[in-house]
Amino acid sequence: MDGISRAIGQLLHFAWLQARCCAFAVALIGGIAVSALLPELPVARYDLVLVYGVVLAALARKLGWDGSRDTMVIAACHVIGLLFELVKVRLGSWSYPEAALTKVAGVPLYGGFLYAAVGSYVCRAWRLMDLHLTGYRPRVMAVLAAAVYVNFFTHHWLPDLRWPLAAALVWATAGSRVCYRVGASRHHMPLCVSFVLIGFFLWVAENAATFVGAWSYPDQLDGWQPVTISKAAAWALLISVTFVLAASSRRAVTALPPGGAGAGESGEDAGVPGRAEAGGTQIGDTGCATGSTSSTSAAEPALRACCGGRGTRSSAASTSP
1 MDGISRAIGQ LLHFAWLQAR CCAFAVALIG GIAVSALLPE LPVARYDLVL
51 VYGVVLAALA RKLGWDGSRD TMVIAACHVI GLLFELVKVR LGSWSYPEAA
101 LTKVAGVPLY GGFLYAAVGS YVCRAWRLMD LHLTGYRPRV MAVLAAAVYV
151 NFFTHHWLPD LRWPLAAALV WATAGSRVCY RVGASRHHMP LCVSFVLIGF
201 FLWVAENAAT FVGAWSYPDQ LDGWQPVTIS KAAAWALLIS VTFVLAASSR
251 RAVTALPPGG AGAGESGEDA GVPGRAEAGG TQIGDTGCAT GSTSSTSAAE
301 PALRACCGGR GTRSSAASTS P
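Mapping the sequence shown onto our numbering, position 267 (from 1) lands on 267, and the numbers just tick up by one.
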């Protein structure tokens with residue numbers, strides 16, 4: 001019974017942390033929902049939502065939801081997302097049917113906040129859950145994330161490479177782990193699993209957002225209907241862009257040779273700051289040892305260090321950090 005009670009307590013604590021991570025996104029979608037219920041105003045709804053988004057972002061900064069480093073990442077997500085919107089709306093992938101003064105090429109400027117909300121979630125999760133990465137390959141991931149982003153444009157004219165890119169991401173993240181804290185306990189899961197889980201919950205959020213009229217897909221113009229589940233796979237790929245931006249703002253503290261700190265060197269002396277692309281890099285706010293991506297056993301010293309020496313549990317079924 002103690003084990004069951006502890007597991008339930010951990011799950012509830014995890015859910016509470018996730019709710020805090022989603023604060024900006026929930027507030028943004030909630031504001032859009034409220035705007036749909038307002039009586040007709042002299043200000044267009046999309047313009048009103050833009051003002052609300054700016055105020056919300058300023059409030060989040062004031063309340064300390066986002067640090068200065070996080071703000072830069074979130075701003076980058078906003079700009080990248082707005083560019084994404086400008087291209088995809090022009091190509092007819094989705095639309096914003098209402099009129100507004102702050103629409104550019106059919107896209108209301110508040111659209112960038114939808115991507116900023118995803119960036120805010122990742123950054124807050126990194127801080128609130130004390131995330132660390134082991135076996136992370138920053139340069140490979142940066143190249144693949146850029147390819148994923150570009151493919152969402154080019155697939156309209158060239159062959160769609162999303163499945164080859166998905167396979168490449170699985171390969172690039174093999175051996176990569178996300179270590180995260182829930183209360184006094186630390187856990188870890190494969191990085192690719194976290195992408196899939198985040199993608200699923202972004203699909204859930206997308207259903208809520210389209211329901212309250214944030215935007216509309218072509219098959220929703222005559223009445224709302226659920227977003228196709230294939231969008232969850234698209235989000236699982238696209239989250240790699242946000243993740244790479246967030247990870248790049250954290251510093252790679254140490255890099256151990258393949259085999260970890262036990263391969264003939266002490267944990268204190270083995271690290272060489274800023275190296276070890278081949279063996280994978282440990283990234284976090286406070287830093288811990290770095291492990292090889294060559295095998296799970298080789299990465300164990302890094303996982304033990306990352307998880308603070310306490311018993312770690314690999315949980316592919318747990319909810320995404």
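A couple of the hints might just be wrong.
Restraint-style ranges between C-beta atoms, simulated for each label pair [as the list claims (entries may be wrong)]: (1) Ser68 x Glu40: 35 to 43 Å; (2) Trp16 x Ala99: 35 to 43 Å; (3) Val212 x Val140: 18 to 26 Å; (4) Pro159 x Leu59: 28 to 36 Å; (5) Arg139 x Leu11: 32 to 40 Å.
I should point out that these hints are in silico values taken from the structure, not numbers from a laboratory.
All of these numbers come straight from a predicted model, not from anything done at the bench.
Idealized CB from N, CA, C, for every residue including glycine.
Each hint, compared with the structure:
| no. | hint | verdict |
| --- | --- | --- |
| 1 | Ser68 x Glu40: 35 to 43 Å | holds (40 Å) |
| 2 | Trp16 x Ala99: 35 to 43 Å | holds (40 Å) |
| 3 | Val212 x Val140: 18 to 26 Å | violated (38 Å) |
| 4 | Pro159 x Leu59: 28 to 36 Å | violated (44 Å) |
| 5 | Arg139 x Leu11: 32 to 40 Å | holds (36 Å) |
Hints 3 and 4, counting from the list given before, are not met by this structure.
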